[in-house]
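**Student:** Throughout the sequence shown, residue numbering follows this note's numbering, covering 135 to 658 in sequence.
Check before you lean on any hint, since a few could be wrong.
[Said to hold, decoys possible] Simulated crosslink set (DSS-like; lysine-lysine; CA at most 30 angstroms straight-line):
(1) Lys-590 with Lys-427
(2) Lys-384 with Lys-416
(3) Lys-590 with Lys-203
(4) Lys-469 with Lys-525
(5) Lys-427 with Lys-384
(6) Lys-382 with Lys-427
(7) Lys-257 with Lys-246
(8) Lys-579 with Lys-416
(9) Lys-262 with Lys-590
(10) Lys-416 with Lys-590
(11) Lys-382 with Lys-416
(12) Lys-262 with Lys-277
(13) Lys-203 with Lys-234
(14) Lys-579 with Lys-427
(15) Lys-257 with Lys-277
(16) Lys-579 with Lys-590
(17) Lys-416 with Lys-427
(18) Lys-277 with Lys-590
(19) Lys-579 with Lys-203
[To be verified] Restraint ranges, calculated between C-beta atoms of paired labels, are given here:
(20) Thr-221 with Ala-596: 13 to 23 angstroms
(21) Val-149 with Val-211: 41 to 51 angstroms
(22) Lys-579 with Glu-380: 26 to 36 angstroms
(23) Lys-427 with Glu-380: 14 to 24 angstroms
(24) Phe-437 with Val-265: 53 to 63 angstroms
(25) Glu-472 with Lys-234: 27 to 37 angstroms
(26) Ile-224 with Phe-278: 20 to 30 angstroms
(27) Glu-472 with Ile-224: 38 to 48 angstroms
(28) Thr-439 with Glu-185: 37 to 47 angstroms
(29) Pro-388 with Glu-276: 36 to 46 angstroms
(30) Glu-472 with Arg-301: 27 to 37 angstroms
(31) Thr-439 with Gln-574: 34 to 44 angstroms
Note that these hints are calculated values from the structure, not bench results.
No residue lacks a Cβ here, since even glycine has one placed at the ideal position from N, Cα and C.
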Amino acid sequence: MTNTILLVIVLIIIVLPPVVFFSYMYMLSKQPKHSIIRSHPFLGWVRYLLEKLGPEFRQYWFDNDTEGKPFSRADFVGLVYAAKYRTDLISFGGRRDYEKPGFYLSNAMFPKLTSELRVNNEKTVPGKKYVITDEGLFTRREKFISGEVSPWLLHDTDVIVVGENRRHPWRLSGMFGASATSYGAVGENYILSTGSGAHMAGGSWINTGEGGVAEVHLSTGVDIISQIGPGMFGFRDDTGHFSIEEYKRKAEIPNIKAFELKFHQGAKIRGGHLEGTKVTEKVAAARLVPVGKTVNSPNRFEFLTNPEQALRFIGTLQEAGGKPVGVKIVVGDPKRLEPFFASMLELDIYPDFITVDGSEGGSGATFKAMADGMGLPLYPALIILDDTARKFGVRDRFKIFASGKLVTPDKVAIALALGADCVSSARGFMMANGCIMAMQCHTGKCPTGITTTDSKYQEALAPEEKQWRVMNYILQLREGLFSLAAACGLESPRELRREHVVFTNESGESVRVVDLFPYPAVSR
Numbered sequence: 135m136t137n138t139i140l141l142v143i144v145l146i147i148i149v150l151p152p153v154v155f156f157s158y159m160y161m162l163s164k165q166p167k168h169s170i171i172r173s174h175p176f177l178g179w180v181r182y183l184l185e186k187l188g189p190e191f192r193q194y195w196f197d198n199d200t201e202g203k204p205f206s207r208a209d210f211v212g213l214v215y216a217a218k219y220r221t222d223l224i225s226f227g228g229r230r231d232y233e234k235p236g237f238y239l240s241n242a243m244f245p246k247l248t249s250e251l252r253v254n255n256e257k258t259v260p261g262k263k264y265v266i267t268d269e270g271l272f273t274r275r276e277k278f279i280s281g282e283v284s285p286w287l288l289h290d291t292d293v294i295v296v297g298e299n300r301r302h303p304w305r306l307s308g309m310f311g312a313s314a315t316s317y318g319a320v321g322e323n324y325i326l327s328t329g330s331g332a333h334m335a336g337g338s339w340i341n342t343g344e345g346g347v348a349e350v351h352l353s354t355g356v357d358i359i360s361q362i363g364p365g366m367f368g369f370r371d372d373t374g375h376f377s378i379e380e381y382k383r384k385a386e387i388p389n390i391k392a393f394e395l396k397f398h399q400g401a402k403i404r405g406g407h408l409e410g411t412k413v414t415e416k417v418a419a420a421r422l423v424p425v426g427k428t429v430n431s432p433n434r435f436e437f438l439t440n441p442e443q444a445l446r447f448i449g450t451l452q453e454a455g456g457k458p459v460g461v462k463i464v465v466g467d468p469k470r471l472e473p474f475f476a477s478m479l480e481l482d483i484y485p486d487f488i489t490v491d492g493s494e495g496g497s498g499a500t501f502k503a504m505a506d507g508m509g510l511p512l513y514p515a516l517i518i519l520d521d522t523a524r525k526f527g528v529r530d531r532f533k534i535f536a537s538g539k540l541v542t543p544d545k546v547a548i549a550l551a552l553g554a555d556c557v558s559s560a561r562g563f564m565m566a567n568g569c570i571m572a573m574q575c576h577t578g579k580c581p582t583g584i585t586t587t588d589s590k591y592q593e594a595l596a597p598e599e600k601q602w603r604v605m606n607y608i609l610q611l612r613e614g615l616f617s618l619a620a621a622c623g624l625e626s627p628r629e630l631r632r633e634h635v636v637f638t639n640e641s642g643e644s645v646r647v648v649d650l651f652p653y654p655a656v657s658r
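Using the sequences and the hints, build the whole thing.
**Tutor:** In structure tokens, the structure reads:
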């Protein structure tokens, strides 16, 4: 009798659940939603499971190390090592496909020694990094060590001055900072770790994005570019219109060094979008919008319809705040830029900087068609912007910031050579903070606690640890820039020009970029 009861119990435990499960799945398959599941119930479910897991399998197992998008595995791992271990050393050669067309830096016959570089390393700064003590098949043992580290800042003679004609110009002793990421799109812990790490590195900055300035931005002490988007979040009155009084209040804050009008963004020229689930009380306070309400910004400032209006507004802000004011744009073609520059000359009003965002920019959620097909990639856009400014004879009136997948020293160096004065990165700093490219940025359920305001998910990001990774990433990139400049025979990355870059096509033919795109003469 006892054996019979045990047998029944075992059958109930082992047999009944699968029977119930498969019966339920079969009935579910007969609902008129998916044709494959209706005709092949169980194999159809397996297919959808594999499809769901496909991106993860491709990222970790099947994608070539140099071909993954939006960033290759090689670039991702290299960045993580720079942030965590403060090194980007590799063995046995690079993984780049040298048979594909691309840009290369041109090395000098007689490079500069480290002692010949024009760099400010006089004062070291406290740093922390991980050191691998033992690495097995399934485990890696590490220790977190402290020590002094060189900051690799620009020499005083090379300091970048943004808005030199303003009452409060911004002096930059570094060339690399965090691009625009809005509070709400990213959470407090990300802002805290990124701002603190950039502050500890010195000579760097963070851009608030169009979400307004939050207390967490200011608490880090880092230099801040406060972005003003078409939605005027953080700079609006009760009716949603631009408030000059609110702008003046922000301009009085010491570590807000500059303001940026977002005309375009590479990822979403259509305008910004933030789900109501992300609009917490703190986010609402920074943006000056209702709690829990989905907010959208138009793809243009409603009151700016032509270059003259835009420049007069820039001039108003420059005078009212006394701090540098710039614009962020995506380049379409040279002809569309020319009216803007012609108006600069006519009005004698110039932005203090222009941020050019490549179409490959991607920290914001957008339509696939827009991300894939709208605007020019960064390198050709930089050349066009630099050329147009030179033709109009105004290149010395503003600085150029470049952003768009510039996460490694070589890519940053090429951007500087093609016309940029400074470089910003959003996703580089995300990866330094632990981003694993899960592609969940728009859901609010980022597994690494970066693109979320949910307190549960934010716990994954520990600012007190990740701030050191951000700092390491900045320092390692700056050291790499100086090393590349030395290899080109230059004393500083500030000296990089088009003649230091070579383009090689699919046939192996190589030409200097300065010969391919000569610097234009002033035509006006």
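**Student:** Does each hint hold? Answer for all of them.
**Tutor:** Now the hints, each set against the structure:
For the suggested pair Lys-590 and Lys-427, the alpha carbons sit about 21 angstroms apart, so the restraint of at most 30 angstroms is met. A distance of roughly 17 angstroms separates the Cα atoms of Lys-384 and Lys-416; the hinted pair therefore holds under the 30 angstroms criterion. A distance of roughly 29 angstroms separates the Cα atoms of Lys-590 and Lys-203; the hinted pair therefore holds under the 30 angstroms criterion. For the hint linking Lys-469 to Lys-525, the alpha-carbon distance of about 12 angstroms falls within 30 angstroms, and the restraint holds.
Restraint check: the Cα-Cα separation between Lys-427 and Lys-384 comes to about 24 angstroms, which is no more than 30 angstroms; the hinted pair holds. Note on Lys-382 and Lys-427: the hinted pairing holds, with a Cα-Cα distance of about 27 angstroms set against a maximum of 30 angstroms. With a C-alpha separation of about 22 angstroms, the suggested pair Lys-257 and Lys-246 falls inside the 30 angstroms cut-off, and the hint holds. At roughly 18 angstroms between alpha-carbon atoms, Lys-579 and Lys-416 fall within 30 angstroms of each other, so this suggested pair holds.
A hinted pair counts as satisfied when its Cα atoms are at most 30 angstroms apart, and Lys-262 with Lys-590 qualifies at roughly 27 angstroms. Of the supplied pair hints, the one linking Lys-416 and Lys-590 holds, its CA atoms being roughly 16 angstroms apart against a limit of 30 angstroms. Distance restraint check for Lys-382 and Lys-416: the Cα-Cα separation of roughly 21 angstroms lies within the 30 angstroms cut-off, and the hinted pair is therefore satisfied. A C-alpha spacing of about 10 angstroms is found between Lys-262 and Lys-277, which places the hinted pair at or below 30 angstroms, so the restraint holds.
Distance restraint check for Lys-203 and Lys-234: the Cα-Cα separation of roughly 16 angstroms lies within the 30 angstroms cut-off, and the hinted pair is therefore satisfied. Distance restraint check for Lys-579 and Lys-427: the Cα-Cα separation of roughly 18 angstroms lies within the 30 angstroms cut-off, and the hinted pair is therefore satisfied. For a cut-off of 30 angstroms, the pair hint linking Lys-257 to Lys-277 stands: about 26 angstroms separates their Cα positions. Only pairs whose Cα atoms come within 30 angstroms are accepted, and Lys-579 paired with Lys-590 is accepted, the gap being roughly 9 angstroms.
A hinted pair counts as satisfied when its Cα atoms are at most 30 angstroms apart, and Lys-416 with Lys-427 qualifies at roughly 13 angstroms. For the hint pairing Lys-277 with Lys-590, the CA-to-CA distance comes to about 27 angstroms; that is within 30 angstroms, so the pair holds. Straight-line distance between C-alpha atoms of Lys-579 and Lys-203 comes to about 21 angstroms, which keeps the hinted pair within the 30 angstroms bound. Between Thr-221 and Ala-596 the beta carbons are some 22 angstroms apart, a value that agrees with the proposed interval 13 to 23 angstroms.
A hinted range of 41 to 51 angstroms holds for the C-beta pair Val-149 and Val-211, which are about 47 angstroms apart. Restraint check, Lys-579 to Glu-380: a C-beta distance of roughly 32 angstroms satisfies the suggested window 26 to 36 angstroms. The hinted range of 14 to 24 angstroms is satisfied by Lys-427 and Glu-380, whose Cβ atoms lie roughly 19 angstroms apart. For the pair Phe-437 and Val-265, the supplied restraint of 53 to 63 angstroms holds, since their beta-carbon distance comes to about 55 angstroms.
Distance hint check: the CB atoms of Glu-472 and Lys-234 are about 33 angstroms apart, consistent with the given range 27 to 37 angstroms. For the pair Ile-224 and Phe-278, the supplied restraint of 20 to 30 angstroms holds, since their beta-carbon distance comes to about 23 angstroms. For Glu-472 paired with Ile-224, a C-beta distance near 44 angstroms keeps the hint of 38 to 48 angstroms intact. With their beta carbons about 46 angstroms apart, Thr-439 and Glu-185 fall inside the hinted range of 37 to 47 angstroms.
The beta-carbon spacing between Pro-388 and Glu-276, approximately 38 angstroms, falls within the hinted interval of 36 to 46 angstroms. In this structure the hint that Glu-472 and Arg-301 lie 27 to 37 angstroms apart at CB holds, the actual value being about 31 angstroms. A C-beta distance of roughly 37 angstroms is found between Thr-439 and Gln-574, which places it inside the suggested range of 34 to 44 angstroms.
In summary, this structure violates none of the numbered hints.
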